[in-house]
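*Asks:* Single-letter residue listing:
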Amino acid sequence: MMLIAGTVPVKGLPLTMAKVRAEGESLVIDSHHIPCTQGTGATISAALAATDYLKLEPPQVLVVGDIGKGKGSREIYEYLIQRVGELSPAVLVLHYCLPDMALMRRLCQSIKGCSQRPLMVADAGSMYAAKAAGLATEFDIFTPDAAELAFLADQGATHPAYINRHLFDTDIARLPRLIVDAYRHRNAAKLLLVKGATDYIVRDGDILATIAEPDVPELEAIGGTGDSVTGLVSAFSYIGLELHEAAIIAAKTNRMAGKFASVTPAAGVRQIIGQFPSVFREYLCHWSGVCHVEGGNYHD
Amino acid sequence: MAPPNRKQKSRFEGGGLVLFTAVREAMEAQRVLKKTGYLVKLVAPPAELRRGCDLAVEINLVEKPGIERLLDHRNVAYLSVIPIKVGTSELLEVVKVTDFGDWLMVKAGNMKLTFDKESGVVVNTSGGGCPDIPYLHAELISKLLTEAPRPRDIGFTLCALMLDHAFEEGCILWQGARQP
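Protein chains in written order, with this note's numbering: chain A, 75 to 374; chain D, 37 to 216.
Source of the hints: derived by calculation from the structure; they are not laboratory data.
Virtual Cβ for every residue (Gly too), placed ideally from N, Cα, C.
Don't take every hint at face value.
Unchecked claim - Mimicking SDA-like on lysine to any residue, the simulated pairs with C-alpha atoms at most 20 Å apart in a straight line are: (1) D:K132 to A:H240; (2) D:K153 to D:S116; (3) A:K85 to D:E175; (4) D:K77 to A:R179; (5) A:K85 to D:A174; (6) A:K129 to A:R95.
Said to hold, decoys possible - Derived CB-CB ranges, DEER-like: (7) D:D189 to A:R95: 49 to 59 Å; (8) A:G159 to D:R214: 41 to 51 Å; (9) D:L115 to A:Q190: 49 to 59 Å; (10) D:A113 to A:S336: 47 to 57 Å; (11) D:S155 to A:K85: 23 to 33 Å; (12) D:D189 to A:R157: 56 to 66 Å; (13) D:F48 to A:E287: 22 to 32 Å; (14) A:C365 to D:G212: 32 to 42 Å.
For reference, chain D alone in the conformation it holds in the complex (with noise of 0.2 Å):
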């Protein structure tokens, strides 16, 4: 089924700024970002945000990840990706583990991560709500720590962002599990 005829052009609102220290690298990019599908718009950011130069350009904070990944990729320079909400808090970094027996669950905002404890395989993931989250389901499970994909690497949202924070603490419980 061919999706609908786009008729009207959406208003972007998408409650993330990229911050830059020159104009000339928020025009790069807003090219790189567009012609990658990314729904973007150059914006002043406001007076009380501004950081360097007077020109951001706005994303959707979700795609916060997929955008800092490919703008290093192709190495423009950002200052950093924050929220527009002034008063937003930080990104939160802050885990919670709990104990099943043989295995353990380490919990990141909205997501959590359950491996074995003896053989370090991810057995499972749950919570989130963006599309990448059930893909990066597909791709961790079964998969040592050691081994698997970072969800950082391969996903694109700031779901597949808390899962790397659980992903990297697992990571960090079970190898230091394993030092005598």
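For reference, chain A alone in the conformation it holds in the complex (with noise of 0.2 Å):
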């Protein structure tokens, strides 16, 4: 199972746990409708639009409304330190939280009782509280933009509102340097997918690709681009792709589905979303091998 676990915009949605579907422009979870924006609700869609066309299971979803107050966050840390164990997921996405450096320290102590250790990728909030507890080493896939990496190779800042000026004015021929950082400081996954003008993979510290085409460079103003990075690189994971193979695809994707769709800077997240079906059909035998589709099961 891949289970996808944060908050989402939606005032008093109760604590919420089911596989979800897409109906229309929303995802539905347990009848509950969820928007596909900026958040969480971005990053189920884009692995649920993967899983379909690979005619997968669709990913499990631990929802809950949150606007920011934190009690939201606070239920699925603790659902899942009491119940990770028994899911045991094969995958599991921690995405929008609130930080919580203690409750972050428990679920990863929680995790350590899962009879097999899931896939462990975090963004967003619980990118920031898995960074700031200095528990990036227990994760797989981190998905940080470039302000984000900088907060990652900052060795005091708990929040990026905190790195430090030079670090923010960095350019981007200087982002490699910030890897060296992270790493160094051991605050990064074992995986980092760095997105921006230029996307950079890095496994253990070392550069094993960067992508740069198709150049769309208003996909950076359009809120929720880089939560559906974070749903795709799950999802190909999931399917059994090399990490490095899952995080270039998932780069590779986002960017041809912005030409697509041909975005400006006010377009939507799910009008890219939208394009990942057509995007898949052209170009993801070519990127992946995986070429033909028969009831789960793929074949190169």
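The task is to assemble the complex, starting from two chains supplied on their own in separate frames and drawing on the hints.
*Replies:* So this is what it looks like as structure tokens:
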């Protein structure tokens, strides 16, 4: 099972865990309708687009309403702390949650009780908490943007709002230096997918690939385009691709979808995710070797 | 689904301190914050951070904007809210601007806000990772910079504060461009 956990900006939504499906422009989770917008909704939508295309079971999701007060976030942490052992997901994606170092510490401890350790993916507030608590190396994949990479490289920062100014001012040519520092301080997951004008795929400190084409600079302005990359890399890891391959295909898919959609900075992430099936049809076989899908089994 | 019962009390690890000039203020702040649902703890500040009395309130630093707003509303006096870690940088104030032709994107820390140069309408926000960011995204999109709610007024976290810096700079840029 691939489990995606995070908050959504729906006031009053109770803690809910269920398989997800798409209905029109919404996601439906146990009869609750969730918008496909920036945040956990975009990550779930992207992962669902991939599993639908590959005819795999849809992601299981754990969501709760939280508009920043933190109560819902704490419910997610507590639920996972107590249940992750019995759930034993193959892939666990931790997304928008109020960063809480103590709860993240307890969650990582609980994960040690899983019969098989899940592949651990973190982005957004969950990535902030993992880094601030010194637990980054417990994770397999982080998906930071350039400012978040600066946060990972800054040993003293507990949130990207407190990164050192000279790191924030770093131009793109110096991102490799930030990557080195993030790994030197043990603040990086095993694999980093650094999202930006050029995407960097990094494993254990080594830059394995850079992706700069197609060049769609408008993507940076569109809320949720980083979240959709996180959903894609999680789904491609779930089907068993090597992590760096999953990351490369995720980055390429997002860029190509932006190109297909001819996005402007005023576009919504739904327009981009809506292009994923077209991108998969045209490129996935070529990029990944996943060419024929028959009832959940895929073949070269 | 009901959340599971909390059997184990969380050890609090907040990363931020509210500093005061008087013990009484610290105790009052703790009472107000706890009553509202914030996880907080009365602590002695490290010697190098003492700025007045010897009692401080430890908070989750990420919740700084919401906590400052609540203390202001309740008229609880405090000196400042700071990171516990000595040597932590000051809150990032610098912004960067990208011109997309018809749109300007203003970036502050991990947050970005994009608006239409002609109309001043917010067309996108991106970046960040705290739970109020998708909420703020929904609240700001399609609204005029001059009419949209300030992220600092309806958000709760440091990501919201960064978005507010971008918003403020966006207002300055847009209004500046419209002056003869």
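*Asks:* None of the hints should be skipped; say for each whether it holds.
*Replies:* We went through each hint and held it up to the structure:
no. : hint                         : result
1   : D:K132 to A:H240             : 13 Å, holds
2   : D:K153 to D:S116             : 36 Å, violated
3   : A:K85 to D:E175              : 13 Å, holds
4   : D:K77 to A:R179              : 19 Å, holds
5   : A:K85 to D:A174              : 13 Å, holds
6   : A:K129 to A:R95              : 13 Å, holds
7   : D:D189 to A:R95: 49 to 59 Å  : 36 Å, violated
8   : A:G159 to D:R214: 41 to 51 Å : 59 Å, violated
9   : D:L115 to A:Q190: 49 to 59 Å : 50 Å, holds
10  : D:A113 to A:S336: 47 to 57 Å : 54 Å, holds
11  : D:S155 to A:K85: 23 to 33 Å  : 29 Å, holds
12  : D:D189 to A:R157: 56 to 66 Å : 37 Å, violated
13  : D:F48 to A:E287: 22 to 32 Å  : 47 Å, violated
14  : A:C365 to D:G212: 32 to 42 Å : 55 Å, violated
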